[in-house]
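Engineer: Each chain is listed here by its residues.
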Amino acid sequence: MNPFTGLPSTLRTNYRRDMQLLDSGFVRFWTVAGLAAVMLLPLVLTNFWTGIANQTFIAIIGALALNLLMGTTGQISLGHAGFIAAGAFTAAALVTHFGAPFVVTLLAAAVVGGVLGVAVGLPALRLKGLYLAVSTLAAYFVIIVGIGQYQAAISYGAGFTMPPAGAFGLAVESERAWFYFLLPVTLAILLLNVNWLRSAFGRAWMAIHHRDISAESLGINAASYKLLAFSASTALTCFSGALWAFHTGFVSIEAFDFQMLIQYLAMVIIGGLGSLLGCILGAIFVIVLPHLISYATQALPFLRSMGGNVFEVQIGFFGLLMLLFLILEPRGLAGIWARVRHYFELWPFKYRSWDA
Amino acid sequence: MNLLLVIVIQASFYALLGMGYVLIYRATRVLNLAHGDLMVFGAFLFYQVLVVSNGNLPLSVVAGLAGAAVLGALIYLGIMRPLAGYPVAVGVLATIALGILLRSIATSIWSGQTRYPAEYLGQLGRPIEIMPGLSISGIDISIIAAALVAMAGFPLLLQRAAVGVEMRGVAENPLLAAQRGINIHSINALSWAAATLMATVAGIFFALKVRLGPDIWYVGLAGFAPALIGGMDSLRGVALGAVIVAAAEVLAARYIAPQITLAAPFLVLLVALWIRPWGIYGSREELERI
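Heads up: the sequence lines are chains A and B, in that order.
Taking the working numbering, the leading residue of the first sequence gets 32, the next gets one more, and so forth.
Taking the working numbering, the leading residue of the second sequence gets 5, the next gets one more, and so forth.
Just so you know, the hints here were simulated from the structure itself, not pulled from any lab data.
Beta carbons are placed, not taken as given, at the ideal position from N, Cα and C, and that holds for glycine.
One or more hints might be untrue.
Output of the computed footprint for chain A on chain B, the stretches with three or more beta carbons under 8 Å from beta carbons of chain A [as the list claims (entries may be wrong)]:
#1 109-118
#2 263-274
A few chain A residues that face chain B, going by a derived Cβ cut-off under 10 Å, partial list only [to be verified]:
#3 159
#4 170
#5 231
#6 344
#7 347
#8 352
#9 359
Full structure from sequences and hints, please.
Structural biologist: Rendered as structure tokens:
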């Protein structure tokens with residue numbers, strides 16, 4: 032038996048068994064134990080680190096959205112930071128002009144994202160590969176300049192302060208409250224992604240990723256599935272952008288610069304394109320690592336001399352890592368994890384004899 | 005009249021930038037989004053020599069260009085060659101990663117401070133009145149001249165010189181070119197070196213005309229708009245694309261709003277991609293087969 036991934040596919044004897052998410056006692060035990068450990072985290076962590084964990088949750092949602100486009104459907108998007116900005120500013124505008132409540136704002140941001148995704152995805156019906164990448168990059172600059180004009184007109188360039196968040200009479204203000212709000216939300220979106228991937232949607236998207244023309248000849252409507260992928264991804268992205276706005280408490284256009292785009296690209300590439308586990312690992316890596324580095328910087332005197340350029344050095348470090356992963360391990364951290372897992376699963380053998 | 009002159013200067017600058025994109029795309033089918041950062045890096049190399057040599061302009065230009073060419077060849081051999089055969093998206097992502105790495109290195113070495121190398125120019129930087137109400141500086145004349153030389157020189161090189169013919173062969177069919185005994189890797193490295201050199205030429209001009217700092221990478225990035233509009237594999241397309249983008253940018257800044265300058269090249273690009281994705285003079289992608 033394979034204790035890490037559940038039953039091998041050859042040993043599942045009926046469809047119910049095949050569709051179960053947690054299909055062995057071992058997996059069930061470790062999922063529950065892992066969740067329990069995560070739930071206890073805020074009790075151990077300081078307020079500062081709980082805040083980092085919350086940023087990580089929001090980043091995981093954003094990374095899952097980007098992965099849906101780039102990893103699953105194979106449509107390269109360089110406009111991610113622009114879509115996050117669109118979500119954050121939708122939230123800010125709704126709050127400023129209409130005083131909309133928290134939950135309504137989040138859902139409205141997702142709807143706006145879904146529509147925006149169709150608009151940005153339309154070129155994808157005509158453009159492929161390189162040209163699509165460029166058109167999303169161009170869309171990024173247009174969105175950012177447009178929002179910048181809006182910000183300058185409404186708030187005289189100062190940015191928007193967000194009201195404290197609250198849902199169903201419960202205030203979501205302290206970092207600890209945010210943690211218990213974001214954990215189930217993130218899990219729900221993760222489950223949504225898992226289910227997309229193992230349904231007809233996911234199979235169609237993966238077929239398009241592989242080769243859109245052959246997908247079409249198999250009877251998949253490539254055009255509408257591409258638009259659907261763009262729409263779903265951008266809806267999730269705008270949702271995470273609205274969460275980001277409320278969690279940060281202040282929205283200004285400067286936050287959505289090219290560095291943010293790089294960070295999200297780094298998450299999905301370092302984590303491993305196409306892997307949900309990779310999104311989680313990548314988001315944790317990109318959000319948490321800079322803080323560990325700044326601890327190291329304080330501890331090691333020779334690093335302290337770089338002082339003022341710490342942020343530049345960090346982002347350059349992500350660039351270097353992205354290059355190394357692209358060249359040496361295109362499957363990312365998730366690929367490394369899979370290799371380590373297989374080594375222990377198969378020990379003392381090296382190669383598996385069945386296809387699982 | 006003055007507006008026309010501004011457009012011509014801006015178009016020449018974009019043509020210099022766009023040619024770098026085309027050279028790399030023809031050789032390795034990669035859209036090099038690190039071009040803006042290569043421009044910054046080359047311009048800083050030039051500036052460093054300029055400061056050390058106490059304003060020796062010819063020496064600094066030669067040193068900057070040589071350093072950039074070596075850097076370009078190294079990038080091909082170290083990064084793009086191992087990635088050959090991967091999907092296009094991987095190449096684009098690799099150049100983004102490379103760009104952010106280069107920018108970080110440049111900021112670490114030279115800090116984020118803005119500098120004005122024009123102070124070393126002396127007479128060359130001052131505007132000369134050629135007609136009543138119409139003046140042009142020596143540096144502007146050099147930009148236009150450089151663009152004209154490059155526009156005439158590169159096609160000549162590709163048509164006549166042995167190395168140019170080899171470059172075209174490699175671009176058209178790498179496998180057959182390799183079979184004929186052409187060393188495709190050294191030819192591709194040469195293309196990358198030439199493109200980085202063009203980026204540095206543009207970077208030096210921008211540094212002398214406007215300013216120098218790590219943030220000018222954005223200017224270099226905008227150069228892919230003329231290249232795409234003209235057609236990614238066409239050198240004469242770049243010239244036309246550069247004129248279109250420069251005109252759109254200057255006129256939008258003049259008649260609509262100055263803030264729109266940043267977005268203008270990209271708006272034009274979006275429209276152009278929608279109408280004619282492969283560009284004005286670009287060759288259409290081959291028919292796809294299963």
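Engineer: Does each hint fit the structure? Answer for all of them.
Structural biologist: Now for the hints, and whether the structure bears them out:
| no. | hint | result |
| --- | --- | --- |
| 1 | 109-118 | holds (count 5) |
| 2 | 263-274 | holds (count 8) |
| 3 | 159 | holds, 8 Å |
| 4 | 170 | holds, 7 Å |
| 5 | 231 | violated, 22 Å |
| 6 | 344 | holds, 6 Å |
| 7 | 347 | holds, 2 Å |
| 8 | 352 | holds, 8 Å |
| 9 | 359 | holds, 9 Å |
Of the hints listed earlier, the one the structure fails to meet is number 5.
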